[in-house]
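All residue numbers for the sequence shown refer to the numbering used here, where the first residue is 778 and numbers rise by one.
What the hints contain is simulated information worked out from the structure, not anything from laboratory work.
Heads up, a few of these hints could be off.
Label pairs and their calculated CB-CB ranges [stated by the list, open to error]:
#1 Ile-825 / Ala-876: 30 to 38 Å
#2 Glu-820 / Thr-786: 20 to 28 Å
#3 Gly-888 / Asp-865: 31 to 39 Å
#4 His-795 / Ala-884: 34 to 42 Å
#5 Thr-887 / Glu-794: 36 to 44 Å
#6 Thr-887 / Pro-787: 27 to 35 Å
#7 Ile-850 / His-795: 32 to 40 Å
#8 Ile-825 / Asp-864: 14 to 22 Å
#9 Leu-830 / Pro-793: 14 to 22 Å
#10 Val-868 / Ile-825: 16 to 24 Å
By construction, the Cβ of each residue, glycine as well, lies at the ideal position given by its N, Cα and C atoms.
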Amino acid sequence: MLISLHSFTPRLETQPEHERPWELGIIYNDDDRSPRVAIPLLEAAGVIVGDQLPYSGKLLNATMNRHGEANGIPYLGIEVRQDLIGDDDGVNRVADLLAPVIAQTAARVTGECGAL
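Kindly produce the complete structure, drawing on both the sequences and the hints.
Have a look at this one:
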């Protein structure tokens, strides 16, 4: 399973009055196999997760589209709010949260499609 990991700001510079409350966002284009598994796992872990938020994978997303969907490889596009990973403790917390979710998602999805 292909993983794409990025971060996003808690607020847009051009609209500082609008908070982005999501802790993590999951983005995807047409292949939603991995998001359909990962989103409920993240919600069960108490994460405020955005489904196609703060960005949409329906827009140009070269990694997922070209390398994932074009080759039938399941993928998970993850966006992490920057204020949650601003120091080593935050990075470790998010890594500890994501590691089992990614592993469980990969196990379920690749078991369905027969490839890793």
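**Item:** Hints violated by the structure (listed by number, smallest first)
**Value:** 1
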